[in-house]
Amino acid sequence: MNASPNAGASQRAVHAWLLLLPALALLVAFTHWPAVATLIDSFFSTPRGARPAEWVGLENYAVMVDDPVFWQAVRNNLWFAGATIPLSIGLALLMALWVNERMAGRTLVRMAYFTPTVLPMIAVANIWLFFYTPQYGLLEQFTGALGMPSRNWLGDPSTALACVTVVAVWKEAGFFMIFYLAALQTLNPSLKEAAAIEGASRWYFFRRVQWPLLMPTTLFVLINAVINAFRLVDHIFILTRGGPDNATTLLLYHLYEVGFKFWDTGYAAAITVVLVVVLASVALIQFFVLDKRVHYK
Amino acid sequence: MQRKTFLKTLSAAALAACATGALAQTLEVPFYYPVAVGGPITKVIDGYAEAFNKAHPGVKVTPIYAGTYQETIVKALTAHKSGKPPATSVLLSTDMFTLIDEDAIAPIDDFVKTDADKAWLKGFYPAFMANSQTGGKTWGIPFQRSTVVMYYNKEAFKEAGLDPNKAPANWKELKEAARKLTKKDASGNVTQYGIQIPSTGFAYWMLQTLTTPNDVLLANEAGTKVTFDNPKVIEALDFWVNLAKDGVHPKGVVEWGTTPKDFFEKKAAIIITTTGNLTNVKANAKFDFGVAQIAGNVRKGGSPTGGGNFYIFKKAPKEQQQAAFEFAKWITQPGNAAQWSMDSGYVAVSPAAYDTPALKKYGQEFPPALVARDQLPVSVAEFSTHENQRVTKVLNDAIQAALNGTKTSAQALKDAQREADRILRSYK
Amino acid sequence: MKAPTNTIYGATWLDTLAAWVLAVLWILPLAYAVWTAFHPAEYATRFDLAAPWTLDNFRHAWEAAPFARYFLNTVLLVAIILAAQLVLSTLAAYAFARYEFRGKNVAFALVLVQLMIMPDILLVENYKTMGRLGLVDTLTAIGLPYFASAFAIFLLRQTFMGIPKELDEAARVEGASALQVLWRVYVPLARPVYTAFALVSVSFHWNNFLWPLIITNSVESRPLTVGLQVFSSVEQGVEWSIITAATLMSTAPLLIGFILFQRQFVQSFMRAGIK
Numbered sequence: 001m002n003a004s005p006n007a008g009a010s011q012r013a014v015h016a017w018l019l020l021l022p023a024l025a026l027l028v029a030f031t032h033w034p035a036v037a038t039l040i041d042s043f044f045s046t047p048r049g050a051r052p053a054e055w056v057g058l059e060n061y062a063v064m065v066d067d068p069v070f071w072q073a074v075r076n077n078l079w080f081a082g083a084t085i086p087l088s089i090g091l092a093l094l095m096a097l098w099v100n101e102r103m104a105g106r107t108l109v110r111m112a113y114f115t116p117t118v119l120p121m122i123a124v125a126n127i128w129l130f131f132y133t134p135q136y137g138l139l140e141q142f143t144g145a146l147g148m149p150s151r152n153w154l155g156d157p158s159t160a161l162a163c164v165t166v167v168a169v170w171k172e173a174g175f176f177m178i179f180y181l182a183a184l185q186t187l188n189p190s191l192k193e194a195a196a197i198e199g200a201s202r203w204y205f206f207r208r209v210q211w212p213l214l215m216p217t218t219l220f221v222l223i224n225a226v227i228n229a230f231r232l233v234d235h236i237f238i239l240t241r242g243g244p245d246n247a248t249t250l251l252l253y254h255l256y257e258v259g260f261k262f263w264d265t266g267y268a269a270a271i272t273v274v275l276v277v278v279l280a281s282v283a284l285i286q287f288f289v290l291d292k293r294v295h296y297k
Numbered sequence: 001m002q003r004k005t006f007l008k009t010l011s012a013a014a015l016a017a018c019a020t021g022a023l024a025q026t027l028e029v030p031f032y033y034p035v036a037v038g039g040p041i042t043k044v045i046d047g048y049a050e051a052f053n054k055a056h057p058g059v060k061v062t063p064i065y066a067g068t069y070q071e072t073i074v075k076a077l078t079a080h081k082s083g084k085p086p087a088t089s090v091l092l093s094t095d096m097f098t099l100i101d102e103d104a105i106a107p108i109d110d111f112v113k114t115d116a117d118k119a120w121l122k123g124f125y126p127a128f129m130a131n132s133q134t135g136g137k138t139w140g141i142p143f144q145r146s147t148v149v150m151y152y153n154k155e156a157f158k159e160a161g162l163d164p165n166k167a168p169a170n171w172k173e174l175k176e177a178a179r180k181l182t183k184k185d186a187s188g189n190v191t192q193y194g195i196q197i198p199s200t201g202f203a204y205w206m207l208q209t210l211t212t213p214n215d216v217l218l219a220n221e222a223g224t225k226v227t228f229d230n231p232k233v234i235e236a237l238d239f240w241v242n243l244a245k246d247g248v249h250p251k252g253v254v255e256w257g258t259t260p261k262d263f264f265e266k267k268a269a270i271i272i273t274t275t276g277n278l279t280n281v282k283a284n285a286k287f288d289f290g291v292a293q294i295a296g297n298v299r300k301g302g303s304p305t306g307g308g309n310f311y312i313f314k315k316a317p318k319e320q321q322q323a324a325f326e327f328a329k330w331i332t333q334p335g336n337a338a339q340w341s342m343d344s345g346y347v348a349v350s351p352a353a354y355d356t357p358a359l360k361k362y363g364q365e366f367p368p369a370l371v372a373r374d375q376l377p378v379s380v381a382e383f384s385t386h387e388n389q390r391v392t393k394v395l396n397d398a399i400q401a402a403l404n405g406t407k408t409s410a411q412a413l414k415d416a417q418r419e420a421d422r423i424l425r426s427y428k
Numbered sequence: 001m002k003a004p005t006n007t008i009y010g011a012t013w014l015d016t017l018a019a020w021v022l023a024v025l026w027i028l029p030l031a032y033a034v035w036t037a038f039h040p041a042e043y044a045t046r047f048d049l050a051a052p053w054t055l056d057n058f059r060h061a062w063e064a065a066p067f068a069r070y071f072l073n074t075v076l077l078v079a080i081i082l083a084a085q086l087v088l089s090t091l092a093a094y095a096f097a098r099y100e101f102r103g104k105n106v107a108f109a110l111v112l113v114q115l116m117i118m119p120d121i122l123l124v125e126n127y128k129t130m131g132r133l134g135l136v137d138t139l140t141a142i143g144l145p146y147f148a149s150a151f152a153i154f155l156l157r158q159t160f161m162g163i164p165k166e167l168d169e170a171a172r173v174e175g176a177s178a179l180q181v182l183w184r185v186y187v188p189l190a191r192p193v194y195t196a197f198a199l200v201s202v203s204f205h206w207n208n209f210l211w212p213l214i215i216t217n218s219v220e221s222r223p224l225t226v227g228l229q230v231f232s233s234v235e236q237g238v239e240w241s242i243i244t245a246a247t248l249m250s251t252a253p254l255l256i257g258f259i260l261f262q263r264q265f266v267q268s269f270m271r272a273g274i275k
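Protein chains in written order, with my numbering: chain U, 1 to 297; chain Z, 1 to 428; chain C, 1 to 275.
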């Protein structure tokens with residue numbers, strides 16, 4: 001349009017950076033720079049009052065490796081992620097498939113599935129505390145009616161993590177459902193009719209037509225689910241406080257304890273770095289690798 | 001003539017406005033506080049601040065609600081670490097060592113100058129000062145303090161053939177009472193436990209109600225050493241574990257937050273929890289209940305104290321610190337302390353407060369309110385050390401492991417001792 | 001065209017039953033909250049249908065904290081954050097979608113990193129920054145770290161990339177500048193995405209707790225969640241009646257909003273083509 005293509009290209013580059021500037025500036029100020037500061041902190045000892053921080057190299061990481069609670073948290077988080085990710089995505093898909101059909105009370109059902117998203121975790125966790133309370137809690141009233149013995153759901157290391165997982169799935173599935181629902185409704189209805197005419201079974205239709213077409217949504221939801229598997233710890237503060245005996249301590253919760261209860265900022269920084277690196281790699285892999293496989297218009 | 005007068009009045013008024021404007025440069029004193037009990041506490045605290053500000057023109061104490069104890073210390077230390085702490089904050093008495101280590105607080109002795117001040121500082125219950133003093137200095141001023149007490153269901157006692165006016169006074173009686181009070185249904189499931197001691201949140205505090213009667217302390221005054229593996233401590237934890245094994249106490253780890261409700265629902269005939277729950281129990285127990293001191297064993301009785309103190313932050317401007325000191329002094333005067341006790345359910349912090357007519361009358365009308373106070377002579381400090389949260393967690397985990405049966409009491413406590421020693425090694 | 005899809009791939013009675021059972025399970029906590037909030041404390045664990053109804057819990061909850069002010073703050077906060085997020089992420093997404101420049105992938109990776117880092121971890125550093133900016137205890141301070149939303153940028157970039165280039169060129173031919181093209185072509189087509197994102201953002205920030213607690217001191221800048229925390233009485237144990245009343249009060253706007261507008265939300269997600 002004007003001058004040489006190079007001038008046009010660099011002018012466009014300038015435009016691009018200008019467009020990016022406000023967002024990037026804020027991100028750097030409130031995410032990247034503090035994150036880098038945290039990374040640097042992880043190589044220093046924790047300053048205590050008059051004692052300043054000293055360079056200790058990888059000592060905080062060594063402490064982390066030696067800390068049994070850290071490894072417990074890693075194990076717990078892996079279990080937690082391993083359960084919440086497929087369950088919440090699977091349920092979300094199922095819910096979306098159901099709500100997509102014309103069934104009685106569809107609006108109410110859809111609303112029921114979505115309400116967990118708008119409720120604040122603080123209050124919701126307290127309600128779940130009641131559900132899990134031994135003897136007169138809602139779950140107990142139900143199992144008692146079935147003749148099963150009373151259990152201390154949250155106080156027993158073998159059931160506590162499962163209980164906490166249920167709360168997380170409950171909170172997430174409805175949110176993911178919306179994305180799947182939208183995607184389902186944009187699918188060409190003639191696909192369905194064509195499959196019906198061909199005599200394909202429902203399962204076949206799902207597996208060969210709907211599921212592949214839903215891949216972009218699944219990718220998107222998967223990223224969110226992975227992040228949430230590490231981010232959802234609010235309910236733990238109220239339900240179990242990481243107990244009993246660290247049975248429900250997740251990584252972010254452990255990080256919070258070390259950083260804001262023990263004020264061991266050096267060690268907390270090390271845990272933060274590990275958490276961020278793990279999550280960042282997962283997300284970047286998902287995005288850059290799988291993004292290629294997903295087709296856009 | 002009229003115009004002159006008018007102008008004169010106008011300028012006089014203007015001058016007066018300027019003068020009050022200058023006076024209106026009030027000293028703002030930010031004050032963080034947690035809310036740990038039910039009731040309109042924020043309104044109550046606001047009321048006190050208003051009254052203080054009225055009586056002290058030029059000073060404006062600004063109460064800032066900061067969440068739970070845990071959230072309040074996060075808020076306070078975050079502010080401190082960025083250079084702008086509040087002038088004062090109410091924080092757990094056990095946070096004392098943490099705050100000293102972070103070089104965040106100023107000793108109260110720096111502000112105590114006159115004889116009246118010295119008398120005031122000496123006027124608190126010694127049991128409350130135990131968590132407020134170390135190294136010969138006073139670091140905190142008791143404000144919302146409590147002790148652990150035993151709540152018991154008098155009706156359940158009658159049904160079990162026990163004297164409803166005589167709570168178990170020692171471990172033997174406690175065990176027997178618990179056995180008689182445990183009720184089972186036709187299929188052998190327990191419908192009412194004899195006794196319930198919660199083990200989440202403050203397990204260490206509850207353990208202290210067993211170790212103190214067993215005549216052993218868990219930490220030294222300097223907060224540098226712990227004695228988890230002392231045989232008497234192991235014995236105390238075993239007592240607790242065996243209550244569950246006997247079937248008179250719920251199995252596993254018991255939730256703190258639902259224990260009062262368990263009491264109201266008659267799922268437990270005796271509960272051990274803070275006196276801070278008294279108002280709650282009074283309002284919600286639909287049966288006759290009693291409040292008693294913690295049962296003794298080798299030693300008569302013994303509860304740890306609990307709750308929060310006023311701390312003054314070093315990095316706040318000096319005038320703010322001074323004003324904060326005045327505020328803390330004012331709010332712990334006997335009259336005000338008595339009022340606070342009645343408003344909140346906490347124990348009043350000085351004997352003088354209990355001598356005020358208002359609190360005397362309250363105590364006569366509602367004797368259970370005095371039990372916590374009566375326990376003070378045999379009360380000990382709440383468990384507190386350097387790296388307090390970490391060491392406390394180690395102890396809590398050990399208790400939970402023992403109650404869950406994953407470790408024996410002895411093993412759990414020995415492991416905890418080793419871990420605590422490691423954490424505290426640089427503080428000796 | 002006239003194939004009876006309902007009977008072939010539609011919901012069978014088994015589907016309907018299962019969907020309903022799940023729905024009942026899912027709504028249980030909210031149902032419990034409604035039950036407990038409107039009945040006296042002793043019925044919090046007993047489901048006696050003859051129990052008396054009461055508004056006392058709401059009264060107690062309302063009196064315990066200045067909810068009216070907290071409501072106002074929360075609405076303002078959520079609105080400010082959303083507005084900023086929409087503007088900033090639109091600009092950034094446009095750059096990523098339609099411009100080629102050196103360092104583009106690096107910049108995008110940097111943006112994605114924010115998806116991973118929970119702001120809670122960076123509390124202390126961000127508090128220091130706010131202190132330096134003199135913004136402590138303001139609504140702006142609560143919102144500032146969230147104004148740049150990686151999630152929004154990610155969504156919008158995807159959407160913008162899916163818009164046919166012909167529309168872009170058509171507008172250019174008419175002499176529109178880059179920003180005008182953005183405003184006239186891209187933004188309207190992405191409206192469903194904006195609505196979808198708004199839903200996510202409002203939900204998240206309505207319920208955000210820890211950072212607002214740390215950064216605000218006065219009633220004038222606190223949001224609802226901080227006010228709700230008053231009912232987490234540590235020493236006294238859980239009082240379900242009051243906490244559920246307070247919860248209902250603070251989530252009522254969101255809930256009602258969703259119930260009334262759920263069709264629009266879903267439709268907008270539908271047209272968002274988050275495919």
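Treat the hints with care, as some may be off.
[As the list claims (entries may be wrong)] Once the Cα atoms are required to be at most 27 Å apart in a straight line, the calculated DSS-like pairs of lysine-lysine come out as:
{"hint": "1", "chain 1": "Z", "residue 1": "428", "chain 2": "U", "residue 2": "261"}
{"hint": "2", "chain 1": "Z", "residue 1": "84", "chain 2": "U", "residue 2": "261"}
{"hint": "3", "chain 1": "Z", "residue 1": "113", "chain 2": "Z", "residue 2": "137"}
{"hint": "4", "chain 1": "Z", "residue 1": "81", "chain 2": "C", "residue 2": "128"}
No lab work stands behind these hints, which were simulated from the structure alone.
Going through the hints against the structure:
1. Z/428 / U/261: holds, 22 Å
2. Z/84 / U/261: Holds: residue 84 of chain Z and residue 261 of chain U sit about 20 Å apart, inside 27 Å.
3. Z/113 / Z/137: holds, 14 Å
4. Z/81 / C/128: Roughly 8 Å between the alpha carbons, so the hint for residue 81 of chain Z and residue 128 of chain C holds.
Checked against the numbered hints given earlier, the structure satisfies every one of them.
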